[in-house]
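Given next are the chains, with one letter for each unit.
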Amino acid sequence: MKKVAIFGLPLAFFLLAAVFLMRGLYSNPAERDSTLIGQPLPPFQLVDVMDEAIQYRNDALTGEVNLINVWGTWCQTCAVELPFLTQLKDQGVNVVGLYHELDSDPAFGVKSVDVIRTEITEMLKTLGNPYRFNMLDEGRRYSLDLGVTGAPETFLIDKSGKVRLHHIGDLNQRVWQSKFARLYSELESE
Amino acid sequence: MIVELGHFSLIIALGLSILLAVYPMWGAKVNSETLMATAKPLAFGMFLFTALSYAILTYAFVVNDFSLTYVASNSNSQLPVYYRVTAVWGGHEGSFLLWLLMSSIWTVAVAMFSRAIPKEMVSRVLSILGLISIGFYLYVLIASNPFERLLPFYPVDGRDLNPLLQDFGMIIHPPLLYMGYVGFSVAYAFAVAALISGQLDSTWARWSRPWTIAAWSFLTIGIALGSWWAYNELGWGGWWFWDPVENASFMPWLAGTALMHSLAVTEKRKLFKAWTVLLAITAFSLSLLGTFLVRSGVIVSVHSFASDPQRGLFILGLLVLVVGGSLLLFALRAPQLRSAGRYELVSREVMLVGNNILLSAATLVVLLGTLLPLIHKELGLGSISIGQPFFNQMFTYLIVPFVFLMGVGPLSRWKKQEPTALKNQLIAAFSLSILAAVLIGYAFDQLIYLAVLGVTLSVWILIFTVQEVRQRIGYTNNLAKLSELTRSHWGMVLGHVGFALVLMGITLTSNYSVQKDVRMSVNERVELAGYDFEFLGVHEANGPNYSASVGRLNVYRNGKLKSEISTEKRFYPVQRNVMTEAGIDAGLTRDLYVAIGEQFANGDWALRVYVKPFVRWIWAGAFLMAIGGMLSIADKRYRMAKRAKEASQPFGGKQIVGMSH
Chain A
1 MKKVAIFGLP LAFFLLAAVF LMRGLYSNPA ERDSTLIGQP LPPFQLVDVM
51 DEAIQYRNDA LTGEVNLINV WGTWCQTCAV ELPFLTQLKD QGVNVVGLYH
101 ELDSDPAFGV KSVDVIRTEI TEMLKTLGNP YRFNMLDEGR RYSLDLGVTG
151 APETFLIDKS GKVRLHHIGD LNQRVWQSKF ARLYSELESE
Chain B
1 MIVELGHFSL IIALGLSILL AVYPMWGAKV NSETLMATAK PLAFGMFLFT
51 ALSYAILTYA FVVNDFSLTY VASNSNSQLP VYYRVTAVWG GHEGSFLLWL
101 LMSSIWTVAV AMFSRAIPKE MVSRVLSILG LISIGFYLYV LIASNPFERL
151 LPFYPVDGRD LNPLLQDFGM IIHPPLLYMG YVGFSVAYAF AVAALISGQL
201 DSTWARWSRP WTIAAWSFLT IGIALGSWWA YNELGWGGWW FWDPVENASF
251 MPWLAGTALM HSLAVTEKRK LFKAWTVLLA ITAFSLSLLG TFLVRSGVIV
301 SVHSFASDPQ RGLFILGLLV LVVGGSLLLF ALRAPQLRSA GRYELVSREV
351 MLVGNNILLS AATLVVLLGT LLPLIHKELG LGSISIGQPF FNQMFTYLIV
401 PFVFLMGVGP LSRWKKQEPT ALKNQLIAAF SLSILAAVLI GYAFDQLIYL
451 AVLGVTLSVW ILIFTVQEVR QRIGYTNNLA KLSELTRSHW GMVLGHVGFA
501 LVLMGITLTS NYSVQKDVRM SVNERVELAG YDFEFLGVHE ANGPNYSASV
551 GRLNVYRNGK LKSEISTEKR FYPVQRNVMT EAGIDAGLTR DLYVAIGEQF
601 ANGDWALRVY VKPFVRWIWA GAFLMAIGGM LSIADKRYRM AKRAKEASQP
651 FGGKQIVGMS H
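Listed in order, the protein sequences are those of chains A and B. Note that the first sequence ends on residue 190 in our numbering; no numbers are left out. Note that the second sequence ends on residue 661 in our numbering; no numbers are left out.
Chain B with its partners taken away, still in its complex shape (with noise of 0.2 Å):
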């Protein structure tokens, strides 16, 4: 019975956001005041109907109701309590309700933080957000129900949570990542809405530049958090693999990227202005291509099983209808925008065009190498696959122009940079790059090319952060100074030190890592990269739903005792999987990783032994881009609007906009 009230109140929640696409949108172009006012509570309503339904839906989780097909398929009685509530967006239905209530979420929080914003726009924004929202409403409804029953014959136990999706990477990775996804609704929606009411001047930009940092710091940790999980979980040791989905998760990302550089240009020097709205429609289509590409099994991937084509379409129809509507409004609207500012050729400005092309150049190769395979298929051209040679490939050459701007722009000035003014800054930063390249190869007893390459850049983008700080408080030693850069300052430089990190971070341990696959008996010692492992033996454990093979070793330096790992074989006997739980020492220079294989008849077991140099920077670069992006929200300045608005200054907070970047 409660079941059928959760579905019950979904229903409710479609009913609401058809209202709100409606009337707030009718309000805004007759302009009344009385319809404009339904927005908000219709946007709680939305949002308090879909949380019930999520609600309830975590509830027959927990409480092991197996007459629901989702739950039987998903759950399983011996699954801990924890699981069974992560086990929510286990799967396809109930991801698309994650999606759901995520996307209401969003909606209530533009509907509560906008008041500095004329009502008009709010109005539309909330409107399209609920336009959008109602095709995904109709497609759990319709095609993919979570509260579909399996009466009369019900079975007595589930199916189980698929184990690899047992692990507290994916507990919190989902979630993030789809309040990313669907974070960039509210830039599309701020985007769409600026192109119905041709209000096409850079306000829009302000109003949306925040809620695009959200999103997109969103997006940041839940990708970081998905890379980490496959590093533990899949037992290789690899942190990204160019499959499908993550490309899928990626693109939005860098799209993401570029719109949040060229949101400030656009802000500030009222410049790009047709460019700026294109990219937020892109951010938002890509994460919409990304969701189809993943549930509808188009692309061959380990992500996508057994998919069912009805879904599919359901997903190209609502993607052609919110990709497709909102670009040809943008074909139609777009010829009238005027960009009024003038720049030289060496200007800040261009560096930024620089980047936005870099940036849309990373994402269109990552768009071909995942769609190329298809399209080449469908023209009756045979089967090719594109992996990750192609990607790497690309990314290296596009990334040595991307950091070279990421240095030298935030340190140039708007209109014009005199060249010569940076000369000597170039000269010692390249010089003191290079030489820290060296001497890291060096320290590693191997010079490789590309580890030199990536080492320089990424301490070319630290050289000029710090630069650029200086340059800020005046190049003085007053450290006090330092308070008066703005959040959202140092929300650039933490994001820039982030990318450096993550940069360092990948260049190091894709280039210095070693492994080995050995063959171990008891008290067997193996040595790599001048730590001595001794395998301790394997003893047997049991989970709460798996029992467990716990191999143990410990790891010496030089002697000393450094670290004891274990590392699990489990089995998982309801879906009769095994998985292999890697043993990981994590520090700050190295991870010690270590994965147990079979056994062998006179009982030695096969390892897989990893020394994998600073490959928690990669991770650790991510959450501070995220921090950064953080501290950019929490900048003054769109309080101050807030306030502004307050005191009945319409358009408040103008002056202090243009004070940084």
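The following block holds chain A by itself, in its conformation from the complex (with noise of 0.2 Å):
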């Protein structure tokens, strides 16, 4: 009988291991929790990406339920996604993008602004555009206080201008339905 128990110790491993996997299933690997959750967004001051005479502050994603997107042309997946974002958008959704540059490595140099201008209307042209207005995040100092770690990443704002969520990774029709949904229908209610 002992001898059998130390022939079980691999299937006693295993099936602990198939616990972790079974859950693993049903969570994102890329979520990470926010500490921006339930706290207002903070302050912010940055110019529109297409006109740097517009600006925008805080109040600018007030009194209505807001999606902030963080997106770039050179993001693969933020591709991917800007179909299904538009979709949102004609259902009524206000998104709301935050340019995210990229690293603006020193060797190769920094992109002039109207080539990102160009790129930024080419993109939009082909896929579709989701978004109300494009804030540019210049430097990538607004990011870093959202606590961004890569495009895409999708925020939702309550009208009180609050974190309510905070999703890595691209949105689609599943996450929109299994994250997003519903909290958002609660907080146009409010």
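Everything labelled a hint here was simulated from the structure, so no lab data went into it. Fair warning: this is a prediction, and the values are worked out from it, not measured in the lab. Errors might be hidden in some of the hints.
List time: in silico SDA-like cross-link candidates among lysine to any residue, alpha-carbon distance up to 25 Å [unchecked claim]:
1. A:Lys-3 with B:Ser-431
2. B:Lys-516 with B:Thr-580
3. B:Lys-377 with A:Asp-51
4. B:Lys-416 with B:Pro-401
5. A:Lys-3 with B:Ala-274
6. B:Lys-377 with B:Ala-361
7. B:Lys-560 with B:Thr-580
8. B:Lys-377 with A:Gly-38
9. A:Lys-179 with A:Pro-83
10. A:Lys-89 with A:Val-4
11. B:Lys-377 with A:Val-4
12. A:Lys-125 with B:Asn-162
13. A:Lys-3 with B:Tyr-475
14. A:Lys-125 with B:Lys-562
15. B:Lys-562 with B:Arg-338
16. A:Lys-125 with B:Ala-109
17. B:Lys-377 with A:Gly-169
18. A:Lys-125 with B:Val-62
19. B:Lys-270 with A:Gly-8
20. A:Lys-125 with A:Met-22
21. A:Lys-3 with B:Gly-341
22. A:Lys-125 with B:Asn-545
23. B:Lys-270 with A:Val-4
24. A:Lys-89 with A:Val-175
25. B:Lys-560 with B:Thr-589
26. B:Lys-377 with A:Lys-3
27. B:Lys-270 with B:Arg-413
28. A:Lys-179 with B:Ile-384
29. B:Lys-40 with B:Thr-203
30. A:Lys-179 with B:Leu-379
31. A:Lys-3 with B:Ser-197
32. B:Lys-562 with B:Tyr-531
33. B:Lys-516 with B:Gln-446
34. A:Lys-3 with B:Val-320
35. B:Lys-636 with B:Arg-159
36. A:Lys-125 with B:Arg-413
37. B:Lys-377 with A:Pro-83
One-sided excerpt, in silico: chain B residues whose CB lies under 10 Å from chain A [said to hold, decoys possible]:
38. Thr-282
39. Gly-312
40. Leu-319
Just so you know, even glycine gets a beta-carbon here, dropped at the ideal spot from N, CA and C.
Relying on the hints, combine the two individually framed chains into one complex.
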């Protein structure tokens, strides 16, 4: 009997691992708890990506439920989620873009604003434009405040300007249904 | 219509796999020749219908049948025909069909080449292979069917094959890798069949050895090609990233390597019986686990994207049945196993135990490194990530004792090795390898501690391998005696030399590679590690389904033209993807590697230039290891066994067992 217990160890080890794998299936591997949840958006003052004369402050994102979508033209996954975001916009969801500049490698030089603008126009024309407006996060300072780890990421902001959800990775039908939809309609009716 | 035929043949194959799982096993139980005789035709039938189904899917790709969801998402009318054929395994659904094809090929191979093995055993083995297949046929048919239609509204053109996969390395990498993964199912089936029948003498080890080595060889080449592909295609000059998916293929390889060695001990010395059975189960279980990790999206990796938990659940279910079931059987049956042989502390047996412990530890390191972030998070402890530094450090610790034993082991005697007899060999080999390492360090103008260590280890293996061969031929200079060594012996020699080359390549390229990120205008030169790279400019070119900016460079050494390199930046319009095609001048002692970046407003280009010494040795060594494996399988004694059987001598071939490693 004692021997069976020893030779049963691999089985026990495997079953334990299987339990974790099972739980892992139903959670998003890229998810991290954000300390910002329930907190008001950190103060910002950002220019429009297409026109530096236009400035946005926190009041631009209050009074309505908003999605802030962190993206960039260099980001493949962002290109994948653009059509779905556009679909959301057509259903009346407010989507605001936070344009995330790619690491400016000194050896490779910084892209000029004009190049960035043409790229954005091109991309939004072909894949759909979900954005009310796009804020340029120069030097990625605001992304740091928000705890952005990459692109794409999406924040759900309630009417009072508080962060309610932080999603890392692409937003698609499944994520929207399982994570956003209920909270979104609750916030809408507040 | 023809596509429905493909779908239908897959259903027939499922039916056959169910029959295969039931009848031969039953026949073995009630000792019915008739029932056992069904195994072979059923295995052939399963293979034929799977192959037909696979051929039809390939046909759908070749004729651009975009009414199939799978074809529409993974191909395009502009895609060259050879990539359309390989696009069959470019996505989830098709790669599982490929898995099934491979699995049926192995099953047929076992049915064909096992005439020397008693009928009951072969019947059980084939039944178990059928049983595993049922799960995968069901999975493909229910959860991931490549024959699903996009009717009535299907697209005019497809979304194209991921440009990353449009590369020669990618054409052959997945099939070889899958051959390896699935191949371990044969060793698994032999082990489980032995557990079921209760015949746990060491004969099953002899039978499953060639199959294990074959699977291992495929896996070795598969992994090497994957690494080679990453080096060519990703454009950052790396060849191994400890990505979860790479780990997923590395774990079965490590367990398989341990299994090969442990099978040898079980066959020759009738020892470690339970352990070998457990390893056989583990190697295939890790293949399945790897598939689960890659395909379910539980782990963040560049390879897994937008996956479906439903599918993951299905594979997990299969995993629990296959692995859990066999481990349960193991827990119940293994206690009856007794190993009879005796051996001393210093003996080849103990050194092989060391080999097994270290390889298992390495497997465990990779397994934990891959799964720990997941477990940590599910326990609510927050997210952690485990990356290169962890793995590199652990493997540096493990490799030192491993290589020590790898040198001494083959030279030592079974049962008892007199330690003093080895003393002179050890001292000589140790001094020689240190000397070689320091000399190589000086050749690179720089002594790096890790490089010295790595080269020492590598030379250590080489010296001992030569010594072992000399010992075998009795330390004579009569080279004719070399031909007396068996093929499987040469297999071991090549395997070990290959490993030494891999180690040498890894060490030198990791420690002595240099790189520069530069901004270059036309005709500008940049110097790196004694090479002058002259940038000749960029011209536009068009491929079948992409447009490219081709940058050309001349490389000079001491004023003499050494090579012309061109590197491409390709734009694939369908997926709007930009891909860098690195320009590589490959050489025995160094690779010159150039990747082109962005263009600047003033017309300059960003370029990344590398000189990577001895990087080819990594893949060359891996190929040598695989060739060693093939050579072992071609050994006479595996064929003698067949001939002996034909001469109606049961268990023929026994007389030559024990001749060599």
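Going through the hints against the structure:
1. A:Lys-3 with B:Ser-431: Not satisfied, since the Cα-Cα distance of roughly 47 Å exceeds 25 Å.
2. B:Lys-516 with B:Thr-580: holds (17 Å)
3. B:Lys-377 with A:Asp-51: Violated, at about 43 Å.
4. B:Lys-416 with B:Pro-401: Status holds; Cα separation ~20 Å.
5. A:Lys-3 with B:Ala-274: OK: Lys-3 (chain A) and Ala-274 (chain B) at ~12 Å, within 25 Å.
6. B:Lys-377 with B:Ala-361: holds (24 Å)
7. B:Lys-560 with B:Thr-580: With Cα atoms ~28 Å apart, Lys-560 (chain B) and Thr-580 (chain B) exceed 25 Å; violated.
8. B:Lys-377 with A:Gly-38: holds (22 Å)
9. A:Lys-179 with A:Pro-83: Measuring from Cα to Cα gives roughly 19 Å; hence the hint holds.
10. A:Lys-89 with A:Val-4: violated (61 Å)
11. B:Lys-377 with A:Val-4: Given that 25 Å is the threshold and the Cα spacing comes to 32 Å, the pair is violated.
12. A:Lys-125 with B:Asn-162: holds (22 Å)
13. A:Lys-3 with B:Tyr-475: violated (47 Å)
14. A:Lys-125 with B:Lys-562: Violated, at about 47 Å.
15. B:Lys-562 with B:Arg-338: Violated: Lys-562 (chain B) and Arg-338 (chain B) sit about 64 Å apart, past 25 Å.
16. A:Lys-125 with B:Ala-109: At roughly 55 Å apart (the allowed maximum being 25 Å), Ala-109 (chain B) and Lys-125 (chain A) break the hint.
17. B:Lys-377 with A:Gly-169: Within the cut-off at roughly 17 Å; holds.
18. A:Lys-125 with B:Val-62: violated (32 Å)
19. B:Lys-270 with A:Gly-8: holds (22 Å)
20. A:Lys-125 with A:Met-22: Violated, at roughly 41 Å.
21. A:Lys-3 with B:Gly-341: holds (20 Å)
22. A:Lys-125 with B:Asn-545: holds (22 Å)
23. B:Lys-270 with A:Val-4: holds (21 Å)
24. A:Lys-89 with A:Val-175: Distance of about 16 Å is within 25 Å: holds.
25. B:Lys-560 with B:Thr-589: OK: Lys-560 (chain B) and Thr-589 (chain B) at ~18 Å, within 25 Å.
26. B:Lys-377 with A:Lys-3: Since the Cα atoms of Lys-377 (chain B) and Lys-3 (chain A) sit roughly 34 Å apart, the hinted pair is violated (cutoff 25 Å).
27. B:Lys-270 with B:Arg-413: Holds, at roughly 16 Å.
28. A:Lys-179 with B:Ile-384: holds (23 Å)
29. B:Lys-40 with B:Thr-203: holds (22 Å)
30. A:Lys-179 with B:Leu-379: holds (21 Å)
31. A:Lys-3 with B:Ser-197: holds (20 Å)
32. B:Lys-562 with B:Tyr-531: holds (9 Å)
33. B:Lys-516 with B:Gln-446: holds (19 Å)
34. A:Lys-3 with B:Val-320: Given that 25 Å is the threshold and the Cα spacing comes to 23 Å, the pair holds.
35. B:Lys-636 with B:Arg-159: violated (51 Å)
36. A:Lys-125 with B:Arg-413: Given pair Lys-125 (chain A), Arg-413 (chain B) is violated - Cα atoms ~74 Å apart, limit 25 Å.
37. B:Lys-377 with A:Pro-83: Violated: Lys-377 (chain B) and Pro-83 (chain A) sit about 32 Å apart, past 25 Å.
38. Thr-282: At about 8 Å, which falls below the 10 Å cut-off, the nearest Cβ of chain A leaves the hint on Thr-282 (chain B) intact, so it holds.
39. Gly-312: holds (5 Å)
40. Leu-319: Leu-319 (chain B) check passes; min Cβ-Cβ to chain A is 7 Å, inside 10 Å.
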